[in-house]
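Q: Now for the letters of each chain:
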Amino acid sequence: MNNYYLEMKDMSVGYNGNSLIHHICIGIEKGEIVTLIGPNGSGKSTILKSITRQLKILGGQVVFDQENLMGLTYKKLATKMAVVLTERMKPELMSCHDIVATGRYPYTGRLGILSREDEEKVEAAMEAVHAADLGSRSFNNISDGQRQRVLLARAICQEPDIIILDEPTSFLDVRYKLELLSILRSMAKEKQITVIMSLHEIDLAQKVADKIICVKGDTIFRYGVPEDVFEEQMIRELYEINNGYFDPRFGSIELPKPAGEPKVFVMSAAGSGIPVYRKLQKNGMPFTAGILYENDVDYQLARILAMDVVTEKPFCEISDEAFEKAVQQIRKVDTVIDAGVPVGDCNKKMSELRQLAMELGKLRDRVETGIPG
Amino acid sequence: MQKTEKKTTGTSEFHAENFKRRTRYAMVFIVLAIIFCAVIVLNINTGNVNISIPRILRIIFLGEGNEMEYNIIWKIRLPRILMAAILGGALSLAGFLLQTFFENPIAGPFVLGISSGAKMMVALTMIYFIEQFHTVSSFTLIAAAFVGSLISIGFILLISRRIDHMATLLVGGIMIGYVCSAVTEFIITFAEDSDIVNLHSWSQGSFSGMTWSNVQITAVVIGISVILVFFLSKPIGAYQLGEAYAQSMGINIKFFRVALILLSSVLSATVTAFAGPISFVGIAVPFLTKQALNTAKPLVVIPATFLGGAVFCMICDLIARMAFAPTEMNISTITSVLGAPIVIFMMLRRKRVR
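Residue numbers (the working numbering), protein chains in the order written: chain A, 148 to 520; chain B, 33 to 386.
Hint data in this document are derived by calculation from the structure and do not stem from the laboratory.
The beta carbon of each residue, even a glycine, is placed where N, CA and C say it ideally should be.
A couple of the hints might just be wrong.
Unchecked claim - When the alpha-carbon atoms are kept at most 16 Å apart in a straight line, the in silico EDC-like pairs for lysine to aspartate or glutamate are as follows:
{"#": "1", "chain 1": "A", "residue 1": "K237", "chain 2": "B", "residue 2": "E275"}
{"#": "2", "chain 1": "A", "residue 1": "K196", "chain 2": "B", "residue 2": "E275"}
{"#": "3", "chain 1": "A", "residue 1": "K222", "chain 2": "B", "residue 2": "E275"}
{"#": "4", "chain 1": "A", "residue 1": "K358", "chain 2": "A", "residue 2": "E378"}
{"#": "5", "chain 1": "A", "residue 1": "K177", "chain 2": "A", "residue 2": "E337"}
{"#": "6", "chain 1": "A", "residue 1": "K237", "chain 2": "B", "residue 2": "E135"}
Claimed, not checked - Anything over 12 Å on all C-beta distances counts as not near chain A; from chain B, calculated:
{"#": "7", "residue": "V63"}
{"#": "8", "residue": "N80"}
{"#": "9", "residue": "G97"}
{"#": "10", "residue": "M100"}
{"#": "11", "residue": "K107"}
{"#": "12", "residue": "F161"}
{"#": "13", "residue": "S169"}
{"#": "14", "residue": "S213"}
{"#": "15", "residue": "F222"}
{"#": "16", "residue": "V252"}
{"#": "17", "residue": "M354"}
{"#": "18", "residue": "A357"}
{"#": "19", "residue": "N362"}
{"#": "20", "residue": "A372"}
All chains, full assembly: derive it from the sequences and hints.
A: Encoded structure:
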């Protein structure tokens, strides 16, 4: 029997009594970052709204810190759980300091007047999100990135054990995304605050989360650590991707490869092929690549974008078999691009390939093909 | 070392800001209080019979003076001015509550049809009671107005549940207002001649004919409501961030919403029961007050709005009485002339901000 900090036991959620997602069984430990991913409209927000009690849970149970979530008073819940929502608010005549100060609500007296201690906590929270200088600015006149940080500061000074965020990174540019997620990361690690959030950016989810919940259809598609969840096939099915690729190793997204009879053969090593592949892909030119060692960075992209890749096991001398395959490829195509291959003891055969291409009059270097290095 | 230094300047800067804020609040209250006193004196002093200030003071504090002037002050002008103050404050506060509730700065008891609903029920009750018993108590009128307010608000809530759009909500409110006014006119048309005189001037909105018993009842009902509203200022402040955030701060939303509706209904119903429907005060005064204070914090806005509404309505009443004396105008005529431009200005400004 595992004692989770927050456990959804056979939970069903939905709107107006219509259950949309059923049989949610998830256990979350204290101090974990759990990220919900899934296509638009899959019900990520519905699940979050149910955990924050904006929506009634339609079946099953949620156990939160060993108590029934639905049985807690709103007041008690407020001292343990804070939220950052997607709804855009336009509060009238409120400064950022005012907004952050509302986080102290559960702790102030009947009239909600802040004590000195409260004020200090407000300031500390604003500093934690690097928003100390925004205090007197009007909340309606700051940028989206600043706004999101102020809302996070508001949640922090509520001193919760758990923070729930609904798509906190939407509207943010890449710098603020990274900043926000690293603040969450350090909060989880240093203060043992549990974070549950939904994200659109699967690459960021993979990098920030301890656990991933994939939401699709009427149930949880997959739940587990990112290492298990992020398989190419899994992501493809989750988002129904049929014209592009997701590379789980780096979390990068690629457009579909140009299909057809290969016209170009790319010789490269150690990353020199990557800009060439991208250029060819943008021009819709099908290509093959080789001979790449399987531990070469070029190989990671070539296997996604090239029609075929001739490979060799790492640190081995190029075999006759691989060499023969490459020769055939070179004979088939119109052009061979040499993106730059350092030749050493084990890949001496690459110079032979280059020689062959030159004799056939197909060899071009990257400058000739107009590809920037 | 450098970092701590930086922090202290940030804090002291913030404290300076805080001090500036509080000074501003204090200034607003002081100015409102001064105007309040000045308008009371002016209101008592002016009229068809002019009474000089020393004589007023003597009559009020010493009970001396000739009987006619004594009666004018004690039986006519003083209750009237007090009613204008209390009801004006109540109306503004009702507006503030409705704006909070609907998250819409142009909501108010008049545009949402709440005043008209109250007017309709009061007219019905008045005619029925006067025909049956030849008299009607103030409490009965307040109760009738309260029921009418709740009927209108009920309709508005039905509309707002289906359509979450600010303009639609207002159109719905205005329609309800028209229907209720039509019913009221219908009732008045078929009422006995003797009732009409009273009903007609009341249904247009007026502070005339107030008695001390009116003042007493109003002061009790409004006084209790205002105190309750004041103690709701903490959840109101949280609610300004939206319902979901308010709930996450520990507010029982259902209970809070019911409390807001009931309190704003009592406030606007009491106004309508005694003075009839009064337009625009509920929108214009909270807006002006918030701008003057440069904050929407309920803890300061609630008392300031009440005071501001009192001052606004006393000034409007003074104009209604004096502008074309001896002919008295409807109070709504004046509040509309002064209030409507403010509301239009508000809307234009919001467009620009967005």
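Q: Keeping to a limit of 16 Å between CA atoms, is the pair of K237 of chain A and E275 of chain B held or broken?
A: holds (13 Å)
Q: Check whether the Cα positions of K358 of chain A and E378 of chain A lie no farther apart than 16 Å.
A: Cα-Cα ~14 Å, so holds.
Q: Verify the proposed pairing of K196 of chain A with E275 of chain B, using a straight-line Cα cut of 16 Å.
A: Holds: K196 of chain A and E275 of chain B sit about 13 Å apart, inside 16 Å.
Q: Compute the least Cβ-Cβ separation between F222 of chain B and chain A, then decide whether it is above 12 Å.
A: With a cut-off of 12 Å, F222 of chain B remains clear of chain A, as the shortest Cβ separation is near 45 Å.
Q: Evaluate the condition: distance from the CB of F161 of chain B to the nearest CB of chain A exceeds 12 Å.
A: holds (41 Å)
Q: Verify this label for me: A372 of chain B is non-interface relative to chain A, using a Cβ-Cβ cutoff of 12 Å.
A: holds (21 Å)
Q: Classify the label on M354 of chain B as holds or violated, using whether its beta-carbon is more than 12 Å from each beta-carbon of chain A.
A: For M354 of chain B, whose nearest Cβ neighbour in chain A is about 35 Å away, the distance exceeds 12 Å, so it holds.
Q: M100 of chain B: least C-beta distance to chain A exceeds 12 Å?
A: For M100 of chain B, whose nearest Cβ neighbour in chain A is about 48 Å away, the distance exceeds 12 Å, so it holds.
Q: The output says A357 of chain B does not contact chain A. Does that hold with a beta carbon cutoff of 12 Å?
A: Its Cβ never comes within 12 Å of chain A, the nearest being 40 Å, so this holds.
Q: If we take the beta carbon of G97 of chain B, is the closest beta carbon in chain A still more than 12 Å away?
A: holds (44 Å)
Q: Is it correct that the beta-carbon of N362 of chain B has no partner in chain A closer than or equal to 12 Å?
A: holds (31 Å)
Q: Against chain A, does S169 of chain B hold up as non-interface, every C-beta pair farther apart than 12 Å?
A: Label holds. Min Cβ-Cβ 35 Å, cutoff 12 Å.
The structure is consistent with each of the numbered hints, conforming to all of them.
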